[in-house]
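Here is how the chains run, residue by residue.
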Amino acid sequence: MLNIDRRFIFLLIALAVLIPLLKPINLPIGISPEVKNIYDHIESLPEGAVFLISMDFDPASKPEVYPQAISLLRHAFQKNLKVIGMTLIVTGTGMAEEVMASVAKDMGKVNGEDYAFLGWRPGASAVILSMGQDMIGTFPQDHYGRTITELPVMHNIKTLRDIDYAISLAAGFPGIDEWYIYGKDKYQFELGGGSTAVMAPGLYPRLRAGQINGLIGGLRGAAEYEKLIDHSGKAVAGMDAQSATHFVIIILIVLCNIFYAISRRQKGG
Amino acid sequence: MISEIPMHMLVGAWVATGLTLFIYTFLYKDNPLFKIGEHLYVGISVGYSIVITIYAVGVKLLWIPIAQDGQWQLIIPALLGLMISAKLFPKIAWLSRISFAFVVGFGSGTIIPRLISSNVLSQLEDTIQPLATMTISGLSHTTNFLDHDSDINNLITLIGVISVLFYFFFSVEHRGIGQAIARTGIVFLMIAFGAAFGYTVMSRMSLLIGRFDDLILFSGAEYGSPTIVLMLLVVAFLIYFHHRDKEKQKT
Amino acid sequence: MGVVFAMQYYVPHPASEALLRDASNWMIIIGGFALILGLVSLIQLHTNRIQKHMAGWGYSVILFISMLAMIIAGIWASGESIDSTRTLTGYGWAYSYAMVPLQGTMFSLLAFFVASAAYRAFRARTREASLLLIAAILMMWGRVPLGEYLWEFSGDIAQWILNVINSSVRRAILIGISLGVVALSIKIIFGIERTYLGGGKE
Chain A
0 MLNIDRRFIF LLIALAVLIP LLKPINLPIG ISPEVKNIYD HIESLPEGAV
50 FLISMDFDPA SKPEVYPQAI SLLRHAFQKN LKVIGMTLIV TGTGMAEEVM
100 ASVAKDMGKV NGEDYAFLGW RPGASAVILS MGQDMIGTFP QDHYGRTITE
150 LPVMHNIKTL RDIDYAISLA AGFPGIDEWY IYGKDKYQFE LGGGSTAVMA
200 PGLYPRLRAG QINGLIGGLR GAAEYEKLID HSGKAVAGMD AQSATHFVII
250 ILIVLCNIFY AISRRQKGG
Chain B
0 MISEIPMHML VGAWVATGLT LFIYTFLYKD NPLFKIGEHL YVGISVGYSI
50 VITIYAVGVK LLWIPIAQDG QWQLIIPALL GLMISAKLFP KIAWLSRISF
100 AFVVGFGSGT IIPRLISSNV LSQLEDTIQP LATMTISGLS HTTNFLDHDS
150 DINNLITLIG VISVLFYFFF SVEHRGIGQA IARTGIVFLM IAFGAAFGYT
200 VMSRMSLLIG RFDDLILFSG AEYGSPTIVL MLLVVAFLIY FHHRDKEKQK
250 T
Chain C
0 MGVVFAMQYY VPHPASEALL RDASNWMIII GGFALILGLV SLIQLHTNRI
50 QKHMAGWGYS VILFISMLAM IIAGIWASGE SIDSTRTLTG YGWAYSYAMV
100 PLQGTMFSLL AFFVASAAYR AFRARTREAS LLLIAAILMM WGRVPLGEYL
150 WEFSGDIAQW ILNVINSSVR RAILIGISLG VVALSIKIIF GIERTYLGGG
200 KE
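Chains as they are written, first to last, in numbering that gives the first Met the number 0: chain A, 0 to 268; chain B, 0 to 250; chain C, 0 to 201.
Hint data in this document are derived by calculation from the structure and do not stem from the laboratory. Some hints could be false.
[As the list claims (entries may be wrong)] Pairs of lysine-lysine, DSS-like flavour, derived with a Cα cap of 30 Å:
id: 1; chain 1: A; residue 1: K233; chain 2: A; residue 2: K22
id: 2; chain 1: A; residue 1: K185; chain 2: C; residue 2: K51
id: 3; chain 1: B; residue 1: K245; chain 2: C; residue 2: K51
Produce the complete structure using the sequences and hints provided.
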């Protein structure tokens, strides 16, 4: 039993994902304090406050982090914040552009007046440092080639010190760590984070030390945020499948250990 | 019903579904469909990155500032950037060292004070928290495990940080009291790695849920049911491939 | 360079800030050229495969065709995924319907392998392994709605493990790694460590 064909396990996992997606149960989702902190902070921002969202993830992390971006942008637009979007990951540029454009269109926001998408620049930490010193020099034009200084939304925004709240949605390097080390540490803006579930445990020291004021971890975090803004999307829809797959894995691990104990006893006895 | 979906979305649904299924055939075994998907992935990603870089750096950070705004000093970083490519030519490879020295020097210099400030001092500051409080009625020690800032949790955090740091300090032999501290570190490490494994499972399953979500969306009749049609074709191909392999092994 | 930019952190003078601004801007530009090395390496590898008709050389042709097609589509669309009329360009279409599904699916394969590996290899052979196993199960149980529904306290346990135990361990690892990076950076700045320059003795 310990050496069953792994394709049988693949089939189990596929069914554990497929069935709940086709027949959802919609179990209640508890809200964790680290996600609530981000929500509360955005709620506390006055209209017209500057919100920077750095979508530092690539297509591989889309299922986990894209729903976070949608919820955060919806919330920011609901609060009539000035939203500035950008990315430090070249292959994430298209998704970052798509999410900003689609949510803005949904919320009736105008590019250049209510939000700006700056695009991508290489260099990771150098980009953050450069933005901290001179944002206009780092992004003289937005992603669409328009001069930054001519966009109403960018008026009076010269450096990272002019940002009221920044969130990095990260899937690896560069990400939240770099935004803190090269950004918040010197330029003193408030910083929050959203990340894949793989990265989330590693960010708890920063969360506990107050270096980031909140953390949206993985699909679960995205689902919690969707619940908070009362706009259920793909994250909430995916939680039943998440539950099913986790329990399949738990059962597999328990079974594996039972069979292992039995085989050890048979060999020893 | 199909005509309600724009043509580019319709074609896109078929292409996306096909490519997704090509990659999933790897779960059966390595095969030409997977290899096609794999090479397409590399080619398209590289092509995409090249275009974005040309416009983000070449046009917006070099061409426009130099040609239109007269910032001729930007020719220097452009030259430094080009010099990196000198590494490909053995006779002038030494030129690339100048660029690397600039990049690594800048990186090393900027990181030292920032890492010390954010990763060492700030983290140590948060570790050294009160373990008890003096009140009117005397010394009190909060023991609510659910309050992560309680004194008991501060104590556990302190023990955890010290014991794990000690565990990784291999310059001193872990004997006697040292061994006890190192073993405590191991206990903390195992629990943390277990948590990391749990979150890794969560992350990987989320990626799968995302892809299946798209496959379910594209199984709809409004898209022409590409998921079902292409899955049947892919399965047929895998059966043919399996038999062909068997024949090859026989001969 | 290293000493200058390490000291720059402590000097708030406008000249020092301007130096950081210009240097970081230059780094961004240089970073853009770094792609050339990787690109040439990739082209050399696959051209070699095609020229020598090595096994699977046809796939290398597919790679080059797709790369060229993407570059042509991108330049045609001036690097934009969505044009001024909010319509998806060919470049944007290829990104959304080819690149995103391919990359997403490639990484989602890991879900299957993690499950298979968990069944085959995750055994409580020692006390430490048992601890790891129990913590993993508690985390997987407590971070999903079904787990919290079946056992309400599991969510609190998972949160405690994350915020106290995991946080302390990660903090220790973070401090250790950071001190190591600082030491390495100092060695690089003073020329003791020169492997980043490439092979050969100076």
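The hints, checked one at a time:
For the given pair, K233/A sits about 14 Å from K22/A by alpha-carbon distance, which is consistent with the 30 Å threshold. For the suggested pair K185/A and K51/C, the alpha carbons sit about 54 Å apart, so the restraint of at most 30 Å is broken. Between K245/B and K51/C the CA atoms are separated by roughly 28 Å; this keeps the pair inside 30 Å, and the hint holds.
The structure fails hint 2 only (numbered hints given earlier).
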